[in-house]
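These protein sequence lines map, in sequence, to chains X and R. Per my numbering, numbering of the first sequence is gapless, rising by one per residue and ending at 251. Per my numbering, numbering of the second sequence is gapless, rising by one per residue and ending at 54.
Simulated from the structure, these hints should not be mistaken for lab results. All C-beta atoms, glycine included, are put in the ideal place defined by N, C-alpha and C. A few of these clues could be false.
Calculated pairs, DMTMM-like style, for lysine to aspartate or glutamate (alpha carbon to alpha carbon, straight line, at most 25 Å) [stated by the list, open to error]:
| # | chain 1 | residue 1 | chain 2 | residue 2 |
| --- | --- | --- | --- | --- |
| 1 | R | K32 | X | E231 |
| 2 | R | K32 | X | E238 |
| 3 | R | K32 | X | E41 |
Which stretches of chain X does chain R cover? Using the computed rule of at least three CB atoms under 8 Å from a CB of chain R, they are [unchecked claim]:
| # | region |
| --- | --- |
| 4 | 71–81 |
| 5 | 94–101 |
| 6 | 220–230 |
Label pairs and their in silico Cβ distance ranges [what the hints assert, rightly or not]:
| # | chain 1 | residue 1 | chain 2 | residue 2 | range |
| --- | --- | --- | --- | --- | --- |
| 7 | X | A138 | R | V18 | 17 to 23 Å |
| 8 | X | D229 | R | R22 | 14 to 20 Å |
| 9 | X | E225 | R | N2 | 27 to 33 Å |
| 10 | R | N2 | X | L134 | 51 to 57 Å |
| 11 | X | A249 | R | V33 | 30 to 36 Å |
| 12 | X | F16 | R | R22 | 15 to 21 Å |
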Amino acid sequence: MTTTETPAGIGSRGSFFLGVLAALTLATTVVLGLSLPLSTEQGPYSRMIAIHPPIATTEYVAYAVTVLASALYLWPRTRQRRWDLLAGASAEVGAVFTALTLATGSIWGRPTWGVWWVWDARLTSTAILFFLVLGYLALRRVPMELSRRSTISAVAALILVPAVVVDHYAVTWWRTLHQGASLAQLSPGKSLDGAFIAAMLVGFVAMGLVYAWLTLHRFRLAVLEERADIEGLDIALEERRAEGLELAARP
Amino acid sequence: MNGYVSLGYGVTLATLAVYTLRLMARSRALSKVLAPELAPRTTNSGAKTEGEAP
Numbered sequence: 001m002t003t004t005e006t007p008a009g010i011g012s013r014g015s016f017f018l019g020v021l022a023a024l025t026l027a028t029t030v031v032l033g034l035s036l037p038l039s040t041e042q043g044p045y046s047r048m049i050a051i052h053p054p055i056a057t058t059e060y061v062a063y064a065v066t067v068l069a070s071a072l073y074l075w076p077r078t079r080q081r082r083w084d085l086l087a088g089a090s091a092e093v094g095a096v097f098t099a100l101t102l103a104t105g106s107i108w109g110r111p112t113w114g115v116w117w118v119w120d121a122r123l124t125s126t127a128i129l130f131f132l133v134l135g136y137l138a139l140r141r142v143p144m145e146l147s148r149r150s151t152i153s154a155v156a157a158l159i160l161v162p163a164v165v166v167d168h169y170a171v172t173w174w175r176t177l178h179q180g181a182s183l184a185q186l187s188p189g190k191s192l193d194g195a196f197i198a199a200m201l202v203g204f205v206a207m208g209l210v211y212a213w214l215t216l217h218r219f220r221l222a223v224l225e226e227r228a229d230i231e232g233l234d235i236a237l238e239e240r241r242a243e244g245l246e247l248a249a250r251p
Numbered sequence: 001m002n003g004y005v006s007l008g009y010g011v012t013l014a015t016l017a018v019y020t021l022r023l024m025a026r027s028r029a030l031s032k033v034l035a036p037e038l039a040p041r042t043t044n045s046g047a048k049t050e051g052e053a054p
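Required output: the full structure, derived from the provided sequences and hints.
Written as structure tokens, this is what we have:
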């Protein structure tokens with residue numbers, strides 16, 4: 001197993017430009033989303049299309065990265081600390097996106113369905129996914145030997161594969177109140193749909209960039225945290241050793 | 001502008017902003033604690049050593 005190099009802080013020139021790009025595309029998404037025309041079916045509420053589907057899709061990307069990094073950590077030939085830290089970083093950012101998926105979905109559902117929440121297959125599977133990820137993140141904080149905890153966490157992360165698949169296909173496997181795939185329902189030939197597609201596609205890019213920026217910084221922070229833990233332990237050991245020597249020197 | 005739509009966009013932007021600020025604050029605090037350790041370390045010949053940032 002190799003160690004991960006520690007950056008001096010979590011920012012860099014590259015991440016600065018990535019952050020600026022993410023902020024600009026996010027601002028564009030907000031402007032495009034809020035200026036969408038009223039739709040016949042949902043009135044102003046369809047403007048949520050610029051953020052809700054992109055956030056939900058980005059959440060899947062985050063968990064795919066977590067699963068891939070966990071698999072790389074479990075595979076003996078590719079086992080490196082960085083994969084374990086990346087898995088944790090991506091899962092944490094993914095949890096933020098899942099919380100936002102549930103929140104924006106609920107806010108969209110209230111005026112269109114008449115309720116904030118319904119035990120629909122898609123909503124329920126997303127909630128289960130959210131709690132699974134919270135459990136995974138809690139597992140990563142259990143005090144135990146580092147490599148053992150990382151291995152257990154990496155195995156636990158694999159449960160995200162069926163959870164994401166069930167969540168994604170919930171709208172086709174079961175009769176749900178939640179609509180089907182948003183992009184599949186739009187047709188680029190119509191001028192109105194074109195504006196919705198454009199706003200949603202910019203939203204996908206924006207959320208993807210925001211995810212990349214957040215995960216990069218969370219990963220760098222995880223490297224710093226691990227270094228602080230190790231050095232804190234070293235300092236404590238030195239102190240105990242000094243105490244021991246002091247006691248031994250006493251007559 | 002519709003209240004629900006504003007709430008949806010507002011919650012999204014606020015959550016992302018709060019999470020970003022939390023990351024930055026935690027990073028700043030840790031960087032201060034680790035500051036002496038993170039200072040570029042060089043050997044007598046000036047070659048980079050393990051602790052130096054990439």
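Handout entry: Contradicted hints - numbers only
Key = 3, 4, 9, 10
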